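**Student:** Listed below, chain by chain, are the residues.
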Amino acid sequence: MSTASSSAAWKAGDVVPDRFPAGLRVLVVDDDPTCLMILEKMLRTCLYEVTKCNRAETALSMLRENKNGFDIVISDVHMPDMDGFKLLEHIGLEMDLPVIMMSADDGKHVVMKGVTHGACDYLIKPVRIEALKNIWQHVVRKWKNEWKDFEQSGSVEEGDRQQKQSEDADYSSSANEGNWKSSKKRKDDEDETDERDDSSTLKKPRVVWSVELHQQFVAAVNQLGIDKAVPKKILELMNVPGLTRENVASHLQKYRLYLRRLSGVSQHQNSFMSHQEETFGPLSSLNGLDLQTLAATGQLPAESLATLQAAGLGRSTAKSGVPMALVDQRNIFSFENPKLRFGEGQQQHINGNNKQINLLHGIPMTMEPKQLVGLHHTAQSIGNVNMQVTSHGAQSGQNNSLLMQMGQPQSRGHILNDATVGHAPRLLSSMGQPILSNGIAANVSTRNRIPENIRAPGYNPVSQASSMLNFPMNHASELPGNILPLGSTPGMSSLTSKGTFQEDVNSEIKGSGGFMPSYDIFNDLNQHKPQSWELQNVSMTSDASQRSNSLQGNLDLTQSVLVQQGISSGQMNGQNRSAAVVSKAMCSAGDFSEQRNAQNVNQHFNTLLVDNTIRVKSEIVADVSPANLFPDHFGQEDLMSALLKQQEGIAPAENEFDFDGYSMDNIPE
Amino acid sequence: MEKNPMRRQLAIMRQALFDQGYLDEQFIQLEELQDDANPNFVEEVVTSYYRDSARLILKIEQALERKPFDFNKLDGYMHQFKGSSSSIGAKKVKAESTLFREHCNSGNGEGCVRAFQQLKQEYATLKKKLEAYFQLARQAGPMETACRPK
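So the sequences go chain by chain: A and B. Numbering (the working numbering) for the first sequence: 365 to 1033. Numbering (the working numbering) for the second sequence: 13 to 162.
Calculated from the structure, these hints are not laboratory results. The reader is advised that the hints may include incorrect statements.
Stated by the list, open to error - Listed next, the in silico SDA-like pairs over lysine to any residue satisfying Cα-Cα at most 20 Å (straight line):
(1) A/K472 with B/N84
(2) A/K472 with B/E114
(3) B/K139 with A/P397
(4) B/K85 with A/D447
(5) B/K71 with B/R126
(6) A/K497 with B/L45
(7) A/K450 with B/G88
(8) A/K416 with B/N50
(9) B/K132 with B/L148
(10) A/K472 with B/E73
(11) B/K85 with A/H442
(12) A/K416 with B/T59
Unchecked claim - Quick look at which bits of chain B chain A covers, simulated, 3 or more residues with Cβ under 8 Å:
(13) 59-65
(14) 84-94
From a predicted model like this one, the values you see are computed outputs, not experimental measurements. By construction, the Cβ of each residue, glycine as well, lies at the ideal position given by its N, Cα and C atoms.
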């Protein structure tokens, strides 16, 4: 059984776009060893990275340990230790990964069950390899939806919305029901957002309901009595400076919904098909449970939050014991989900989960204005958080966006941010760390540069893509801390490869535009007209569709590139630091293919410091893509030469950047 | 080469398995997965199948000895068995499993017993045939399935 790779990106695809999904990290769970064997072989043939598991519990713990380690999960429905649908719910709640169910059972009701539980697809056994070849679409779809959500929200709360919408998207892929719920969720989101907008000033940092804060809240509510708890009184009891009545009010609203959902959840679990929202009503049996739930929820959510990061999802809250255990878990997750009315436990869990994660991770991010200052310190922690949350784009995107939103005007950056977040969830997460630090910009720039380099050599399509990158460029100045830079970076990497590759390294740097600080520096270094970058970006976007393949690759590449870039630029001493952090993060997170890549990066890191960016780039590229792509064939030296060759216009390096296209997909046109 | 006649014989044997309905398309899927990295993939899968399904067969047998029948349990086992069998392309075995499950669903104990006997027979027959096939394949030299163009 192959160990789950910690890389956050897909393997750099081959040159051919339709091999883009290569490197997709799949976790397949099936108690039947024969099926498992066959599936593994099939998935390997599709060039995916496969981890097989014959027990649901093992799969869950694997996923929990490495939330960023998989892109998609395929699970059998009938398993001895845990029902496949239960696993599906858990995964949706905790990790928000796309899950494909499979079974020899093709009965309509079972398929429907899969759909309503949020499976993004349902395969009938025996599974053919053709069916597996396309599973990557679910990952792309998820990211794309998250990205879109991000884009649409365009505010601090967009993170929340993104979560919800991405969840919505997830659901929509499974059924109309999901769509309906999505719209409802969106509406709730907007309500929430409006409320927050009204109450907070522009500069007011978003309130993140941390574990402690939430515990205080719950304690206050319990003290007052859930019926008598009014925001004003709760606020007084909590006595938290800076917290407004509106904050409490919106939080209370969510909490109430969450509790209501809790009472309905147990029943919901029993009857999967029930869509009723007011589940708590008909569940007379749950009355007792309700009380318990209520009592427990007060503690549970907070505790859950606390344990959430530890991935102690349902286990730690088991203290409530009983049937509530499931509910508890859900509570935690659903707590944050204002859309309780959906009655779809899973959805809510996901929402809640996302939200929670967002919150948790948001803790370091709350201080947006001060982020830059504290970023450096939190970079590591955030990086960790990101890793955890970045189960699938949604969260990472969110985190990233939060990170990025360091008080920068988001008006323009939004789109970029969205784009960024969307297609580079993983990248962002790993990037998150560097971004946090001042050196992020540098990193970003670096990334952009490198991708461009790589692309240019043999990348014909690249030239067309130029139009895409426009936005990164334009906003470069505006996005000092914007996510956009992040986003653009991934996009850039992809773009660069796809877009017009300007031989000019500088142009690459431009691409990163998002990060102003670094960008400027790079500008100095590279003196290349930003336009080139823009062009590249543009082309990237247009080629997005083509690129979809290599998105993953880009991400990896960008990650490593970033790190290396940062280092090579040498200008940013501070950045070097961050770059170091980044490189570490990247190595750990982004190096999906091999450990040695990480080592390569580290080694390059040192070299980069000394050398010019171009060289660095090639190194980075070499490390990242070739290694990833052809681990067996390329050594470091090979990579280097490959890179160098690329610079000379040789196509081989392009292979690595195919994934750029992928990121492009995410970028909204 | 002397191996050619063997390969030809192998091809004939293989084709017969398909023509007689013992194997279906899924088996070809397995064959296509076989490559230089896994030159005996198909045989490995089939071996694994027979090993794991033997346990299932035993469980079903034991369950059929307890009266009254626990149809849910029986159905559950058979569902698993069916899944395995279909994944290696065991066509006839799969058909018998489906029949068995139908009897389970309708609570037809007699039908279940009958179907199970049939199933065991098909299961054993296929096993023999496949064993002979793989043996010949090994003798014929490097695994090169007849369906692949040379």
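**Student:** Each hint should be assessed against the structure and marked as holding or not.
**Tutor:** Cross-check of the supplied hints:
no.: 1; hint: A/K472 with B/N84; verdict: 19 Å, holds
no.: 2; hint: A/K472 with B/E114; verdict: 16 Å, holds
no.: 3; hint: B/K139 with A/P397; verdict: 18 Å, holds
no.: 4; hint: B/K85 with A/D447; verdict: 15 Å, holds
no.: 5; hint: B/K71 with B/R126; verdict: 16 Å, holds
no.: 6; hint: A/K497 with B/L45; verdict: 13 Å, holds
no.: 7; hint: A/K450 with B/G88; verdict: 18 Å, holds
no.: 8; hint: A/K416 with B/N50; verdict: 17 Å, holds
no.: 9; hint: B/K132 with B/L148; verdict: 24 Å, violated
no.: 10; hint: A/K472 with B/E73; verdict: 29 Å, violated
no.: 11; hint: B/K85 with A/H442; verdict: 12 Å, holds
no.: 12; hint: A/K416 with B/T59; verdict: 19 Å, holds
no.: 13; hint: 59-65; verdict: holds (count 4)
no.: 14; hint: 84-94; verdict: holds (count 4)
Of the numbered hints given earlier, the model fails hints 9, 10; all others are met.
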